[in-house]
Every structure is written in C-alpha cells, then in structure tokens.
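Generate coordinates for the entire structure from the input sequences, incorporating the hints supplied.
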Amino acid sequence: MENSKNELPKDAMSALMKCEEILFPNLHILLKILATLPVTTVSVERSFSTLRRLKSISETALVKTV
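Position 58 (the sequence shown) corresponds to 58 in UniProt numbering; numbering is contiguous.
Worth flagging that the hints you see were computed from the coordinates, not collected in a lab.
Be aware that a few hints might be false.
Taking CB as the label site, the calculated pair distances span [unchecked claim]: (1) E20 x R46: 46 to 54 Å; (2) K32 x E7: 51 to 59 Å; (3) N26 x V63: 33 to 41 Å; (4) V44 x S14: 22 to 30 Å; (5) S47 x E7: 38 to 46 Å; (6) L62 x L30: 43 to 51 Å; (7) S14 x K64: 42 to 50 Å; (8) S49 x H28: 34 to 42 Å.
A virtual CB, placed ideally from N, CA and C, is assigned to each residue, including glycine.
Quick look at the structure:
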C-alpha cells in the first residue's frame with residue numbers, strides 16, 4: 001500500500017493543505033484562488049435569464065404604447 005504522504009491531491013483544497021507556502025508562495029496563492037472560485041456558473045446564468053425576461057417585458061410595453 002502507498003503511504004498517504006505520496007498520494008496526489010484530488011481537489012484544490014487538499015492540494016492547498018499539502019502545499020507549503022514557504023517553498024512555493026506563488027503556487028500557494030494560485031491554489032487559494034482556485035479553491036475559492038465557484039464550481040458552476042449558475043448565478044451568471046440566472047442573471048442573464050433575468051435580463052432576458054426584463055428585456056422581453058420592456059419590449060412588450062414598448063409595443064403596447066406605440
């Protein structure tokens with residue numbers, strides 16, 4: 001069996017825990033950023049969906065007033 005110290009990290013958080021900040025300061029910063037990025041873009045998709053609805057509502061209001 002392999003030693004747990006030799007296992008590769010499976011995600012950004014476990015890589016951040018294994019990365020020594022003194023030896024690899026730039027890599028440590030990169031892993032911090034990577035660990036805090038959202039995994040999905042649901043909030044962006046929601047905002048575009050909301051904007052699309054607002055646009056169609058405003059276009060409908062324009063057509064009714066003309």
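Here is what the structure says about each hint:
1. Take E20 and R46: their Cβ atoms lie about 39 Å apart, and the range 46 to 54 Å is violated.
2. The hinted range of 51 to 59 Å is not satisfied by K32 and E7, whose Cβ atoms lie roughly 21 Å apart.
3. For N26 and V63, the Cβ-Cβ distance of about 55 Å falls outside the hinted range of 33 to 41 Å, so the restraint is violated.
4. At roughly 27 Å, the beta-carbon separation of V44 and S14 lies within the given 22 to 30 Å, and the hint holds.
5. In this structure the hint that S47 and E7 lie 38 to 46 Å apart at CB holds, the actual value being about 39 Å.
6. A hinted range of 43 to 51 Å for the beta carbons of L62 and L30 is consistent with their spacing of about 48 Å.
7. The hinted window of 42 to 50 Å between S14 and K64 is violated, with their beta carbons roughly 57 Å apart.
8. Against the hinted window of 34 to 42 Å, the Cβ-Cβ separation of S49 and H28 comes to about 37 Å, which satisfies the hint.
When held up to the earlier numbered hints, the structure conflicts with 1, 2, 3 and 7 and fits the remainder.
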